[in-house]
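Fit chain B to the given chain U structure using the hints.
Those protein sequences? They're chains U and B, same order as listed.
The numbering used here puts the first residue of the first sequence at 1, with every later residue one more than the last.
The numbering used here puts the first residue of the second sequence at 128, with every later residue one more than the last.
One or more hints might be untrue.
Okay, the calculated beta carbon distance ranges per label pair [to be verified]: (1) S276/B x I113/U: 38 to 44 Å; (2) K376/B x T29/U: 23 to 29 Å; (3) Q121/U x K315/B: 26 to 32 Å; (4) T29/U x D326/B: 41 to 47 Å; (5) S281/B x D32/U: 34 to 40 Å; (6) D32/U x S308/B: 45 to 51 Å; (7) Q372/B x I101/U: 38 to 44 Å; (8) I101/U x D326/B: 32 to 38 Å.
Since the hints were made in silico from the structure, they are not lab data.
Note that CB positions come from ideal geometry on N, CA and C, so glycine has one too.
Residues per chain, in single letters:
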Amino acid sequence: MKTNRVKSMTFMGGAPIDIYDGWADVFVTLEDDDDDSKYWFEVTTPQALASHMDERNQRFLEPVYPFIIVRELTPAVIKEAIEAFIIEEEDGFWFKLYDSIPSFTIDDLNLIIDRRKKEMQAEEEED
Amino acid sequence: MRKRVTIILVPVTFLGMFFYFYRKSGKFRESIIAALLAALVLLAGPLESEAKDANAFTSQPETTRASRNRNLFNSGARNPSNGGPGKPDNSGSGGDDDKDMSQYPKVESVQETESRLDDIDKSIARMEESSDSETEQCEATEQFQVEESYKSNSELKKVTKNVHKSKRAVKNLEDVKQKLSEGADPMKIGRKPTNLGNDFYYIRKSDARILVKLDRTTGNSDVVAFALRSNTKNMETFATVVNSQCDTKIKINPKAY
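Chain U on its own, in the form it takes in the complex:
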């Protein structure tokens, strides 16, 4: 990943009405991205998580894909948060992880788990 700067950001599903208690779907493009790829993130606030559980009378959040948590759903804060996820030294690991996880299938996950098991077996044999 060449850059840690957000070029543009678009709210899908309309801009959030309540910036302190809402969810936002955002498309992001990055500066210096050769293919002008778009990335997708879900962004929310701590208050929205609490009110979501309150509305459903839940004591925990049901399984959801990772999302970015910000204090307020303003373009400036969201951009700042996303840029914090792009760590150049790690080749944008967190940015890529949050963007990619929703496209994982159960086969992908099983593949990763099998690979990890083989790695551990190999380590044990070496010992």
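The following block gives chain B in isolation, referenced to the frame of chain U:
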């Protein structure tokens, strides 16, 4: 107790007073009369108080008795034909005693009570049966229609094809349809849906984004479009189609920041 004391006191008083007057006057006849009067005066006090007690016990205010009768025996209203428990009989036959007694419940035999309880059980069962069928009817009528107009949209065909590859996204769609058919408020489905105006709702589910239009007059709804959350291209097409074809007040991707 008071009666016994009176019985002892009257002769003692009579004798005492007789000896007193006889010793003083020496006249036998007059002494007897005076002693008799004294004894009568002594006897009159306790008799008067007993009469008062008796009155207090028997002649309570009419309103109090009537209200007590209502409170104790108001269940009698269930069976008015036979006078029932606690039902006052206002026929007026018989003397005063009969009239008073008629205001109290008639003694009911065990068989009569059992048959009455059976009747009550039967009517309760009938009421429960009728209320169950009414509830079923209500549930049946509370099913709303959910159309899927995205199926006939040529521009959304490719999007839909991709979404159907994801079992979780399809399950999301089915879940939303189910809730809409049950009459759920679209603003309470998924995570913080966005009201796009003109009865369009953008619903966020874990694997899909679904655009729903609600008909407020009928309660029926229409799944206008839906897209796979993990497919950026899919979502872009979804947004383009919605922005161009749907009369939403808020555009899905109005501008880039």
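Q. Taking the beta carbons of I101/U and D326/B, is their distance inside 32 to 38 Å?
A. Because 33 Å falls inside the window, the suggested range holds.
(Q) Quick check on a hinted range of 38 to 44 Å for Q372/B and I101/U, using CB atoms only. (A) With a Cβ separation near 31 Å, Q372/B and I101/U fall outside 38 to 44 Å, so the hint is violated.
Q. Does the Cβ distance between T29/U and D326/B fall inside 41 to 47 Å?
A. About 32 Å separates the Cβ atoms of T29/U and D326/B, which means 41 to 47 Å is violated.
Q: Take a look at whether the Cβ-Cβ distance between S276/B and I113/U falls inside 38 to 44 Å.
A: holds, 41 Å
Q. Would you say the C-beta atoms of S281/B and D32/U sit inside 34 to 40 Å of each other?
A. holds, 37 Å
Q. Is the gap between the beta carbons of K376/B and T29/U within 23 to 29 Å?
A. holds, 26 Å
Q: With 45 to 51 Å as the target window, see if D32/U and S308/B comply at their CB atoms.
A: holds, 49 Å
Q: Using the Cβ atoms, figure out if Q121/U sits within 26 to 32 Å of K315/B.
A: violated, 49 Å
Of the numbered hints stated above, those contradicted by the structure are hints 3, 4, 7, listed in ascending order.
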